[in-house]
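For chain A, the structure is supplied; the task is to place chain B on it using the hints.
Protein sequence lines, in the order shown, are assigned to chains A and B.
To convert, note that position 10 of the first sequence is 10 in this note's numbering; the numbers rise steadily by one, no gaps.
To convert, note that position 100 of the second sequence is 180 in this note's numbering; the numbers rise steadily by one, no gaps.
I should point out that these hints are in silico values taken from the structure, not numbers from a laboratory.
The beta carbon of each residue, even a glycine, is placed where N, CA and C say it ideally should be.
There may be inaccurate statements among the hints.
[What the hints assert, rightly or not] Derived coverage of chain B by chain A (criterion: at least 3 residues anywhere in the stretch with Cβ under 8 Å from a Cβ of chain A; other residues may be distant):
| hint | segment |
| --- | --- |
| 1 | 359-366 |
| 2 | 396-407 |
| 3 | 432-442 |
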Amino acid sequence: MVKGIEKYGIPVVHICTVVPISRTIGANRIVPAVGIPYPLGDPTQGEDESRKIREKLVTRALKALETPVDEQTVFEKDEW
Amino acid sequence: MRLELGKFVIKDIQFAEESHIENQVLYVNKAEVEAMVLEDDKLKECHLDIARPGEATRITPVKDVIEPRVKVSGGEIFPGVIGKVSPQVGSGRTHALDGCCVVTVGRIVGFQEGVIDMSGPAADYCPFSKTVNLCVVIEPQEGLETHVYERAGRLAGLKTAAYLGELARKLEPDTLEVFETKSVFEQAAQYPDLPKVGYIHMLQSQGLLHDTYYYGVDAKQIVPTFMYPTEIMDGAIVSGNCVAPCDKVTSYHHLHNPVIEDCYRHHGKDINFMGVILTNENVFLADKERHSDMVAKFCQWLELDGVLITEEGYGNPDTDLMMNCRKVERAGTKVCLITDEFPGKDGKSASLADTCEEATALASCGQGNATLKFPAMDKVIGMMDYIESQIGGWAGCVNEDGSFEAELQIIIASTIANGFNKLAARGY
Numbered sequence: 001m002v003k004g005i006e007k008y009g010i011p012v013v014h015i016c017t018v019v020p021i022s023r024t025i026g027a028n029r030i031v032p033a034v035g036i037p038y039p040l041g042d043p044t045q046g047e048d049e050s051r052k053i054r055e056k057l058v059t060r061a062l063k064a065l066e067t068p069v070d071e072q073t074v075f076e077k078d079e080w
Numbered sequence: 081m082r083l084e085l086g087k088f089v090i091k092d093i094q095f096a097e098e099s100h101i102e103n104q105v106l107y108v109n110k111a112e113v114e115a116m117v118l119e120d121d122k123l124k125e126c127h128l129d130i131a132r133p134g135e136a137t138r139i140t141p142v143k144d145v146i147e148p149r150v151k152v153s154g155g156e157i158f159p160g161v162i163g164k165v166s167p168q169v170g171s172g173r174t175h176a177l178d179g180c181c182v183v184t185v186g187r188i189v190g191f192q193e194g195v196i197d198m199s200g201p202a203a204d205y206c207p208f209s210k211t212v213n214l215c216v217v218i219e220p221q222e223g224l225e226t227h228v229y230e231r232a233g234r235l236a237g238l239k240t241a242a243y244l245g246e247l248a249r250k251l252e253p254d255t256l257e258v259f260e261t262k263s264v265f266e267q268a269a270q271y272p273d274l275p276k277v278g279y280i281h282m283l284q285s286q287g288l289l290h291d292t293y294y295y296g297v298d299a300k301q302i303v304p305t306f307m308y309p310t311e312i313m314d315g316a317i318v319s320g321n322c323v324a325p326c327d328k329v330t331s332y333h334h335l336h337n338p339v340i341e342d343c344y345r346h347h348g349k350d351i352n353f354m355g356v357i358l359t360n361e362n363v364f365l366a367d368k369e370r371h372s373d374m375v376a377k378f379c380q381w382l383e384l385d386g387v388l389i390t391e392e393g394y395g396n397p398d399t400d401l402m403m404n405c406r407k408v409e410r411a412g413t414k415v416c417l418i419t420d421e422f423p424g425k426d427g428k429s430a431s432l433a434d435t436c437e438e439a440t441a442l443a444s445c446g447q448g449n450a451t452l453k454f455p456a457m458d459k460v461i462g463m464m465d466y467i468e469s470q471i472g473g474w475a476g477c478v479n480e481d482g483s484f485e486a487e488l489q490i491i492i493a494s495t496i497a498n499g500f501n502k503l504a505a506r507g508y
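Just chain A, with the same shape it has in the complex:
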């Protein structure tokens, strides 16, 4: 899906846990997620903390979407 959408010139950020698979399929902008069963939260930390994690990751992904890249890039930090 990532490649299919990008083919039409629309940039995509792939938020995913298993970054190596994302690299293998050819995603250009990758934001590592929390875990396979809960990519955008963490039930072990409660609903409030999960919301904070989610906001942080989505904000990072939106920033990555606006960032030009010339090779596959993994956005592991909030500042670049």
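For chain B alone, coordinates are given in the frame of chain A:
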């Protein structure tokens, strides 16, 4: 560690007043076993049934398959789960009932429980179509949480297998094999001219009913470790998972790990089999990174020349498989992967979710997406209610007469990714 494994040929199972083994027939006191299973208050019903090769019988949904075994000396069978955790197993003497299995059956736990047909086209794909099976059909109490039901089903099977194994404790086996792996320095010195080969055994540990137990420890909580191959033959690893039936490593397959059996066959002839590196397949990237690093470190530490790697399940475990492959190769040890493939019904998709440049040698155990027509059977042990939602089935795949069409992945062990099957792929 040195293990004597005595095998008893079992040609049939029959119900009788007293449980015992006589003239290669296993006699089972039905009421006694049912009562033992029902000691667990999580289960409200249990009944036993027998399925024999060639019968028009279907068993589904199948949870686990177990070979009855007993530790005559050197610890207890299935340590940490139903046997005492200490002493460790893998040495002394073990007796096994060869040719019969315990099969746990019942209302579905997850959606990844499979089918065993005792005859017809699907029987060609399943090793348990050729064994005499004592089916333990269980019914959970109302409102039981799925993980509690899974555990009750798992223990019911293991307890039954241990009960049957116990019948062979004092008897003389038909055959006796000896397996031995020495301490690492002695083992390396025994065959100095042969390549040192290890086995990297990846345990399913994704959680959410995809679990495996090592001496009773949930495998997602382990970090990679070493073990003697003979420990596995004594039930140090048991299955507790509802992964896709086709490549589910049942407790039977752990006892009969074909990689270990074949490595022993070649041991001292063309390889020096050094032992097993145990690792897992967790759902967090940090675990995958840390554990593949550790596996590579062990290979380098043991100065292994080559390793075989198997995985359980497919999808994200393919990444663990490839990470292990890449890092082990880079640490200087040659790798051959063993796995199955899922290229989609039309065969056009990538058959593994991940790959790497270092993966240059791979033995395929076949693909699970090909479809097969399953004829109606005279008898169903368990129930057909879930076929359409069991993995490999689809909405509308079952016909009124009880026949159905499904992908091979619905058959227990059809493409099992350690090679305990007959499917393969050939390169041209």
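Each hint, compared with the structure:
no.: 1; hint: 359-366; in the structure: holds (count 3)
no.: 2; hint: 396-407; in the structure: holds (count 5)
no.: 3; hint: 432-442; in the structure: holds (count 3)
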